[in-house]
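Undergrad: For the protein sequence lines, the chains are A, B and C, in the order given.
83 is the number that the numbering used here gives to position 83 of the first sequence; each next residue is one higher, with no gaps.
In the numbering used here, each residue's number is its place in the second sequence (first place is 1) plus 1000.
In the numbering used here, each residue's number is its place in the third sequence (first place is 1) plus 2000.
Note that these hints are calculated values from the structure, not bench results.
Note that the structure is a prediction, hence the values are computed from the model and not measured.
The beta-carbon is built from N, C-alpha and C at its ideal position, and this holds for glycine as well.
Errors might be hidden in some of the hints.
Claimed, not checked - Restraint ranges, calculated between C-beta atoms of paired labels, are given here: (1) R2183(C) - E1295(B): 32 to 42 Å; (2) G2016(C) - L171(A): 32 to 42 Å; (3) Q170(A) - P1018(B): 26 to 36 Å; (4) L171(A) - H2340(C): 32 to 42 Å.
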Amino acid sequence: MNTRYSDKNPIGLRVLTTAGKVLILGVASVFTAFPFLWMVISSLKTKADILNTDVFFPPDPQWQNITGILFDSPIPRYIFNSAWVSLVIVAIQIVSGAMLAYALVFLKFRTRKILFAIVMATYMLPVAATYIPSYIILADMGLLDSFGGLIISSTVSIFGIFLLRQAFMQLPKGLVEAARMDGASHWRALWGIVCPMTKASFITFGLMNFISTYNNYMWPSLITKTSDYFLVSQGLRAFFVRDGAYGTEWALVMAASAVVVIPLLILFAFTQKWFINGIGGETGMKG
Amino acid sequence: MNLSGTKRKFKKRYDRLPTVLLFILPALIPLVVFWIYPICRSIYLSFTNWDFISPTYKIVGFKNYLSLFKNPRFFEALWHTVVFTAGTLIPTIVLGLVLALLLVRSFRGSGILKFILFSPWITPTVAISIVWTWIFKADGGIANTILTALGASPLKWISSSDTAMLSVIIVTVWKSLGYAMIFYLSALEKVPGELYEAGALDGANKVQQFFDITLPSISPTTFFLMIITMVNSLQAYDQIQVLTQGGPSGSTRTLLYMYYQLGFQEFNMGQATAVAVIMILLTVALSVLQFKASEKWVHY
Amino acid sequence: MAEIILKNITKEYENGFQAVKNVNLEIGDNEFVILVGPSGCGKSTTLRMIAGLEDISDGDLLIDGERMNDVAPQNRNIAMVFQNYALYPHMSVYQNIAYSLKIQKVPKAEIDKRVHEVAKSLGLEELLDRRPGQLSGGQKQRVAMGRAIIRHPKVFLMDEPLSNLDAKLRGQMRVEIADLYQRLNTTFIYVTHDQTEAMTLGTRIVVMRDGEIQQIDSPANLFNFPCNKFVAGFIGTPAMNFFDVTCEEENGEVILRTNGGKIRMNAEKTQKLKAGGWIGKKLLAGIRPEHVVVADSPEKTVFSGKVSVYELLGSNAIVYSDTDAGRIIMNTSQLEEHTHDSDIRLGVMEERIHIFDPETERTVTN
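Please take these sequences and the hints and turn them into a complete structure.
TA: Listed below in structure tokens is the structure:
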């Protein structure tokens, strides 16, 4: 649609609105990007320069701050923990979530509506309200302070069930019936027909939950106490409090933050459209 | 005949059961064990005096709730939650909409702007809160350097009870702004172009079109974002833990942070779960309110 | 109550694509003009340029003698009914109809009076409090028309207004639009790809293709005297049969020879063919299915072949045959059944034959 009737403002007004637009967007993006830039700039400074407010850019970039974090600190270990634990969790969430969403949309059983109501009710509830009893359950199972405990307590994603249910409902009605008539089992229909047709939602589900599990802080920090099992947020915070010693080693703390944040920004740069489409598009815009 | 009919009906009703169970149990079991049961358990515990260590505890009725309602700290936390929620919600939604309006028609560089504005959302709150701690540092922090350069007097940011909440709000808005913007972008793209054409033919100018067509058309998104931001604000923990730990002198202690302190620092499980139940009730109330409001205001 | 003139109107997009090419059209007061053509022919773009929703790249648009190219849509005093109705989903039927008056700050009592008048004339009185989401397709269509009528526009524009309705409702709404036109006494410009709508509604039809006007004429003239092969094939269902012929002179008579027979030309056609120097040359002939008959004697046989499909439609039947001149369709009111694969010999009503230049596809004679 090439509608341009709106552009018949006088030239002066148009220049003014464009200037306003540029100004607002400029301020907003500087405000947003600045902490990242400042993190990187600070991470390259010496202990002396970083406290000197007259020095903006590091005169002599201290690359060893970064290499120190990369090769001689527990930070890479935390990143590795976060990455593989999140991968395992998301894989389980996708399989179990897709199956439940499939059942909610395509299988007919009498408690279907009640089941959906239960899932829906838990969606909004503050997850923190479950922490004390969940903590006790993990303690009873002997899974506190272990990767097993981290994984087993996060195997279901209500957000993901919603996302997939929404996508499944938009598929043509007869699709699964047709697959069943062709002799496919429900399992085959889900992974051979339904999943490829809703690939975008699966990717969005995977990425969003990977990021949120990877970044998760409160629950992992409650159930793990040994640094071997720290995920990245808890590890970074421990580094900040202990090794960074609150204000003496700011450059190292910023270097550690940069090492944590930059890979995520790069991942985001390549997967941006799945986040944006997923959030705006299918995340259930039901009021 | 009659018997076999009943039998067939019985068979028909239950022969799908194994399949159904197979498909729902992998998600349903963890959902029950780590969501539904704990919520019920929390409600139960809120009526006890359990202290986490002793093996026995008593049912004490509403005592935990009564002592909360007598405790000024609780109302302080409730008020901080309200301030934090309102302080996050309004700028996030208003600025998110403004940015989306400016970016909805793509131009050279609009993609990179969307990337920048959304990027805080995917970074760990802990990491960026650490960076903001450094920015907010009272002496030598860049925030104060900038304020001084602009001719304003420096602030004590997170180290003063006057500005700590403001600092936490700034960080939270910074992180959630792009998220709101993306929602609004997709909502704006979905408003049918024909509506604006019809509006133009009906004689509506740009401002009238915004208020009579755009705003009502995206109202479902506004309501959705309001509820999501409120729920997120109610659950905000990471940035508070890193920036202020609820301080100075309790000035950033929200209900959730109070719950954390009661439960995992003071081991007063009865009162902690009572706070949790109050948070659940608040969420339910918000959801009902949103549902009622959207029935009245949101139209498709 | 307006006269609209399009002078050399062209629409060119930034990528150089010309959607509308040098269109000239004069629409008189109280005319019901239909723009018809296949999708992508530029008919909607032309309408949208008249509405002011699309910039005019070149040429002049005059309404009542006044140049309108740069006048904003709301100041052209026109109303438009959109394909998807474009009703404001959050407003009631009443508010939808009243919106333009509200913008103009018409007093409330006056608005109320006019909305009820319009609602009454369209049978919408019961629905005024509903929202568009609660209406059926036909009701939405009426609301969209009500919103247009209430402004007493000089010109009524309609962009495929019936294409979202099912066949039965479409027929019903077509009659309502015809009725509305009779009552309102104003100029209508109506875009459609459906030639039945075009033939039944329009006082004049503009056939477009690839951004260019092919023919402007009354429905009857378009049907009987198409100016080229495209118009001949576009107007009429089932579509005209086309087949190759050779023009010959036999015993002092001009005839068209087909693979299986010959068609004699009357004096008028003979004269045109001779004047055009077509004797001895190849030509393209067309005959409408209504004008194909079963040949009752060998000398009247033009096509011979086998019946492929026989469709009985009630009062008439359509017979598809595969003949020595290709697929030939006959639309007949003689209902004896033709079974599949039976032999058939077909003739034509010779005076209804259309003849086209095979190169330019222009009409030689109708």
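Undergrad: Against this structure, judge whether each hint is valid.
TA: Outcome of the hint check:
no.	hint	in the structure
1	R2183(C) - E1295(B): 32 to 42 Å	40 Å, holds
2	G2016(C) - L171(A): 32 to 42 Å	40 Å, holds
3	Q170(A) - P1018(B): 26 to 36 Å	28 Å, holds
4	L171(A) - H2340(C): 32 to 42 Å	40 Å, holds
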